[in-house]
Amino acid sequence: MIKKGLLTLAVVLLFSAATMADEATEAAFPVFTSFQELVDVNCPFLDSCDAGLAVPDNQLLGVEFDGTDYWVTNGGATSHGGTNYLERLDRNCTLIEGCAQNTTSSWGIRDLAYDEGRDILYGSDDYG
1 MIKKGLLTLA
11 VVLLFSAATM
21 ADEATEAAFP
31 VFTSFQELVD
41 VNCPFLDSCD
51 AGLAVPDNQL
61 LGVEFDGTDY
71 WVTNGGATSH
81 GGTNYLERLD
91 RNCTLIEGCA
101 QNTTSSWGIR
111 DLAYDEGRDI
121 LYGSDDYG
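Numbering-wise, this note's numbering puts 93 at position 93 of the sequence shown, and it's gapless, one number per residue.
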């Protein structure tokens, strides 16, 4: 009788441990059914700006927000005869200023990142 009770208790504890482990795994590694669900959960929507309407360029390659303004780079080969630009837009998506990029790559600077601690905007291009 005691053996049967201990065996039943062991089975119940084993089942409970397995169920709790599954729940802990699901909590630590949630399964998303779509990319949009993943984005909605992990990347809350903060702000937006249609830079394509704000700047006179047609090949926007990089965008970064510095806490105040948006910075946009383009490979303006078609719209500017080969000149690539770095442009600054305010939060309302109004063009504030722009300047030609000092790069020799045909696509120019892209893939922007902002370092708030140093107040530096980084970008990459084909030649380093």
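In short, the hints are calculated from the structure, not lab data.
Any given hint might turn out to be false.
Restraint ranges, calculated between C-beta atoms of paired labels, are given here [unchecked claim]: (1) Tyr114 / Pro56: 34 to 42 Å; (2) Cys43 / Asn102: 15 to 23 Å; (3) Phe65 / Thr33: 26 to 34 Å; (4) Asp119 / Asn42: 42 to 50 Å; (5) Asp115 / Val39: 19 to 27 Å; (6) Leu46 / Asp115: 12 to 20 Å; (7) Leu95 / Glu116: 36 to 44 Å; (8) Leu53 / Cys99: 28 to 36 Å; (9) Val31 / Ala113: 13 to 21 Å; (10) Cys99 / Asn42: 17 to 25 Å; (11) Asn102 / Glu37: 41 to 49 Å; (12) Cys99 / Asn58: 13 to 21 Å; (13) Thr33 / Gly98: 36 to 44 Å.
Note that beta-carbon positions come from the ideal geometry of N, C-alpha and C, so glycine has one too.
For each hint, the structure was consulted:
1. For Tyr114 and Pro56, the hinted distance range of 34 to 42 Å is not satisfied, since their beta carbons lie about 23 Å from each other.
2. Distance hint check: the CB atoms of Cys43 and Asn102 are about 33 Å apart, inconsistent with the given range 15 to 23 Å.
3. In this structure the supplied range 26 to 34 Å holds for Phe65 paired with Thr33, their Cβ-Cβ distance being about 30 Å.
4. For Asp119 and Asn42, the Cβ-Cβ distance of about 27 Å falls outside the hinted range of 42 to 50 Å, so the restraint is violated.
5. A hinted range of 19 to 27 Å for the beta carbons of Asp115 and Val39 is consistent with their spacing of about 25 Å.
6. Evaluation of the 12 to 20 Å hint for Leu46 and Asp115 yields a pass: the beta carbon distance comes to about 19 Å.
7. The hinted range of 36 to 44 Å is not satisfied by Leu95 and Glu116, whose Cβ atoms lie roughly 23 Å apart.
8. Separated by about 20 Å at the C-beta atoms, Leu53 and Cys99 break the suggested range of 28 to 36 Å.
9. Roughly 30 Å separates the CB atoms of Val31 and Ala113, a value that falls outside the hinted 13 to 21 Å.
10. Restraint check, Cys99 to Asn42: a C-beta distance of roughly 35 Å breaks the suggested window 17 to 25 Å.
11. Distance hint for Asn102 and Glu37: a CB-CB separation of about 42 Å, consistent with the stated range 41 to 49 Å.
12. Checking the proposed 13 to 21 Å range against Cys99 and Asn58 shows it holds: the Cβ atoms sit about 18 Å from each other.
13. In this structure the hint that Thr33 and Gly98 lie 36 to 44 Å apart at CB holds, the actual value being about 42 Å.
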